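Visitor: Build out the structure end to end from the sequences listed, making use of the hints.
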Amino acid sequence: MRRYNSHRSECKFETLGSIRLADSRSRRVSAARAKSPASNGHAANGAVVKRRAKLAKSASADAANDVEDVQESHDNPAAAHAEANGSAGKSRRRATAQSMAASQRDISVSEFFAKNRHLLGFDNPRKALLTTVKEAVDNALDACEEAGILPEVWVHIRQTGENRFQVGVQDNGPGILKQQIPNVFGKLLYGSKFHRLRMSRGQQGIGISAAGMYGLLTTGKPVKIMSKVSPKKPAHYYEIAINTKVNRPEILNGKGEGVDVPPGAAGQTAMEKHAIEWVESDHGTRVTIELEARYQRGRGSVDEYLAQTCIANPHVRLHYVDPEDNATEYERSTDELPPEAKEIMPHPYGIELGQLVTMLKDSKPMSLSQFLSSSFSRVSSSTAKRICETAKLSTRANVHRVGRHEAESLYKALQETRIPPPSTDCIVPIGEQRLLKGLHQVVPGDFYVAVTRPPAVYRGNPFVIEAALAYGGAPSAARVSLEQLTDFVQESDARTLRQFLATTFQGIGMEGANKIVKESGLGTRQTPSKLKPKEILKLHEALQSVNLEEGQTMNVQRFANRVPLQFQQGACAITQTVVGTSWRAYGLTQSRNSLPSGPVTIMVHMASVWVPFTSESKEAIAGYPEIQRELRLALQAIGRKLGLYMRRKLKVRDAGARRNTFLKYLNEIAEAVTVIKDYPDSRTKQLYDQLCAVAKVKTLHADLSVDKQGNFVEGEDEQDFGDNVLIIDREAGAAAAGAAPGATDGAENEAVGPASKRSKSKAKSSAKKRG
Amino acid sequence: MAKKARSKATSGGSSTATARVKLNDRDKKTMGELHGLAGGVETAAEKKRDPYLDIPSRTLSNVKFNKAKRFIEMGNLTNRRQLFNLSQAKAYMQTMLVAKGSKEIITEGKTASLRQLFYMLKHTIKDTKEETFDDQTESDAMIEDLEVTINALREELHVFASNRGSIVGPITLIDSGDEIDCSRMGSGGYSIPSIVEPYVMQFKNNRAKFVLHVEKDTVWRRFNEDKFWQKYNCILMHGQGQPPRGVRRLLHRFNNELGLPVYCLLDNDPWGYYIYSVIKQGSINLAFESKRMAVPGAKYLGLRSIDFARCELSPSVQIRMNDSDVKRAKQIAAYPWFADKKPWQKEIEQMLKNGFKLEVEALMSKNISYVTETYVPQRLQEQDWLD
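In order, the protein sequence lines correspond to chains A and B. Quick note on this note's numbering: the first sequence kicks off at 1 and runs consecutively. Quick note on this note's numbering: the second sequence kicks off at 1 and runs consecutively.
No lab work stands behind these hints: they were computed from the structure. Just so it is clear, the structure is predicted and the values come from calculations on it, not from any experiment. All residues carry an ideal CB built from backbone N, CA and C; glycine is no exception. Warning: the hint list may mix true and false statements.
[Said to hold, decoys possible] Quick list of simulated restraints, FRET-style, between CB atoms: (1) D681/A x N85/B: 25 to 33 Å; (2) E331/A x E131/B: 53 to 61 Å; (3) N85/B x L633/A: 23 to 31 Å; (4) D681/A x Q136/B: 42 to 50 Å; (5) D181/B x S682/A: 20 to 28 Å; (6) S87/B x D681/A: 25 to 33 Å; (7) E131/B x E329/A: 18 to 26 Å; (8) Q136/B x T524/A: 54 to 62 Å; (9) S87/B x S682/A: 31 to 39 Å.
Guide: Below you can see the structure in the form of structure tokens.
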């Protein structure tokens, strides 16, 4: 189902809401034709659509599809018989065009996704919860940023039944107009972001409606939307169910009209009457979805998603109440809204012939040269002239007169002509400083580095790759508090302790888990949820004491347009490029075809007007060569700085080792002298101290020895790491920023920054507001 | 007299670790040297300098053949061993430890074997997993370093090696006060102690006319069984291959103090030549002791390269020379103390020409007592030896 994610697929949707076959599936069409020569093209199209819907995925399904056709024809023996007579015994006809046409009809896109919910990230209850929160939060942030409002988001998750959760997400965005609400939330593939080239989190207009549809399917409860445009105007409250058959919203409350909530005190009573949840705000939107789900912390959880979102979006204030009524506040670390991303025209290099034809057809009547310079990015009138010359077309030709053949030569000319790369003001990278800040606040470490690559282009779409790295610091497992651990243990459904450890904490791996279990003295096969408090205490101690640094693997956090990607790590171009980069050159250990090991967290962000995801659930980035190249360059850039740091660290350690070598022998020598000279024992200590003093001077001298290039090794301490490096000197307890004044204020002595303070108190106040 | 001697010996042994024995002059001198060593560390520490030891180099490049004295002498080259040098720090520490161990046994009036000292000083360094000494070869080397550094002999450090080599013959020795009649030693002979200095061993009632030194224990037994030493009135010794210091020192003393000529019966191979060379001129490693150990007048009786033909031996007793043998033989031929001796050059040349080695036991293929009854007497009679 790549057609939905591909940016160029716009032209394929002639009608929203239902899929008509575009002629590009010609292979299947011709196959159908070969089988039933009598059937007309349209009917064959319909058949193909139907088959695709049944077995949507792979080419290998074709064979199975044909078998299905056989089955159908057997249901209609008369037709099959008739065909057999007609075709001179060559191959028996199983169905006539007429019999087939009877079952050929449109498929609603909502029907399709209702059957293929995994494509949208609703494969299992746990992921469904995350996807729902994610889609809602992404939409909220997009809306706020587009309106130029500093985003403030409330995420409330409440358990309503054994496997039922109610997710409420509210923002302080501009709100949605009354007439648009039903379509936005109750219709798949409806949205503002699909038809434009501009960097945003959402792209297709599937997400939130799909979440609503999933909720409806699993619980039968409608999506509840409350939206307020202004404090003076009435707010609107809707309960919407999606009609999957026709992909159309159905408003359930207020006799199909929704309910208006007047401003002021009258509104309060109205809200109470309709049991509307709303955190008081001048404007904004709240969407509430009840769905079948499961809540679990750890990797791939809602909590992780929100924390990562806050790394990539330091301007967001987020209030989160989890199903256990724990409130977490993520304070924003900057009041600066990222600059608004500009919308751009498509770049000629990024379009396809079919798209060009559609554009020509849809264009207002104008000259070809006008068309080129007005519909494409970076095409000036002189460039347009050159293109027309190459295509051997007149610049003044009417666009509607351009035929199929001419369009093809025009397309070729577009690709051949040198056109500057698209303007890049449509992308807003997070920025090196903010990356450093964000990473430092969430990941404890000793060394931070961030790099933002200059914009690049894949298939006409500009994009920017950013990467940041944190090295050192205790792994997440060692930082967990006893209280948190107790929660984790009780929530876990892991069957063994080892499994629990490996799945709950990042970067432990089975090896590390084994070590911890051994250290704790508990049984490997023990069920975590049955652990006694004393045993949890033991486990906690083991977590603190075991050195996990050796077995730890690099923790890769992926972001696309500021949205964390949590699943399908292996399928993602980012992970693949990280694995493909040789980290050994930068002082990390790495086995072939695997992530490097060490206490490293790496964060990679791709910002683009169109992020090429491998599926609609937006979990992995497709590996276009241009993207991989930029990824590699970004990783190498941070790798080089890491290498500098590692080498320096190694050197310091070497000097330390040298000193230690001397120091450990000094006591022996002092003792020998004392014995030989028959001194009292106290002389040993005195002599030892004297020798130690000499040793310090001597090793200091050794530190100053020159390296191969003839530079003083000591001088490397002043070595310039370049911009955007943050080095934390734990001994000094202070942070030193390498030529990056902006980074200093974010560098607190404490490993955990102020923005993610997790208050474990029961959030009574917010619970009240929920009514 | 024996009783008196024994009481003297036990007085040293009965002293406890706390009770100090009275040091003799030699010990006092050694202690002085050790103090100097320790003092060097103290001075360096006070002056914030790098403590170091200058250890005379014990390599071929630092030995000279003194033509007048006819033995190897040590040169003036020294190696500086610094504490604050990553590759020398441990060796420095070990040297100091050996000095400490030696001081302890001196003050207690005891002697310790190389191995005992190794165990005395071997321990895990505080707060590490590192041992002071990993094996005995390390401590042995340090003891030799200490000897040359403070110019004290091993026995002066109260360290001895295990007994190696035996002696039998018409002489009475007084070893630590005990009288040993070497003519009444049965089949095993008297085992030669590591320390045979005059203060430990005195000679008495020597009736021997010369010393016959053989390479191996087994050959020695042949001579002892055949009562060769009775017949020819000689002292019969062996050093179990390369003779240890005790054996060489004893040879030196017999030669020097009693004026007995020394004859060596060794295998006809490069190793045998080298043993002769060490007895005669001293070894490179212990060049500093040459003047107390070398027997420049020692003669090489056999076996000779010409013996295969001369004694009409069967070809089956030949042992093929390998490459390293050839190399070693050429090396020995090039030693300055062999270089200008024509008979020796001829001898080694002959061996290389033969391409085989001969052991003394090869003579037994003719007759079990051929060596004692024919070969050696003939050589002595004809004064047919190499010098």
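Visitor: Given the hint of 23 to 31 Å, check if N85/B and L633/A actually sit that far apart at their C-beta atoms.
Guide: At roughly 45 Å between Cβ atoms, L633/A and N85/B fall outside 23 to 31 Å, so the hint is violated.
Visitor: Looking only at beta-carbon atoms, does the pair D681/A, Q136/B fall within the given range of 42 to 50 Å?
Guide: Since the Cβ atoms of D681/A and Q136/B sit about 29 Å apart, the hinted range of 42 to 50 Å is violated.
Visitor: Should the hint that S87/B and D681/A are 25 to 33 Å apart at their CB atoms be regarded as holding?
Guide: 31 Å Cβ-Cβ, so the 25 to 33 Å window holds.
Visitor: Should the hint that E131/B and E329/A are 18 to 26 Å apart at their CB atoms be regarded as holding?
Guide: violated, 58 Å
Visitor: Within 54 to 62 Å: is that where the Cβ-Cβ distance between Q136/B and T524/A falls?
Guide: violated, 46 Å
Visitor: Take the C-beta atom of E331/A and the C-beta atom of E131/B, compute their distance, and say whether it sits inside 53 to 61 Å.
Guide: holds, 57 Å
Visitor: Taking the beta carbons of D681/A and N85/B, is their distance inside 25 to 33 Å?
Guide: Holds, since D681/A and N85/B (Cβ atoms, about 28 Å apart) stay within the stated range.
Visitor: Using the C-beta atoms of D181/B and S682/A, is the stated range 20 to 28 Å upheld?
Guide: Once the Cβ atoms are compared, 55 Å apart, the range 20 to 28 Å for S682/A and D181/B is violated.
Visitor: Could you see if the CB distance from S87/B to S682/A stays within 31 to 39 Å?
Guide: Roughly 32 Å apart at Cβ, these two residues keep to the hinted range, so it holds.
Figure legend: structure checked against the earlier numbered hints; hints not met, in rising order: 3, 4, 5, 7 and 8.
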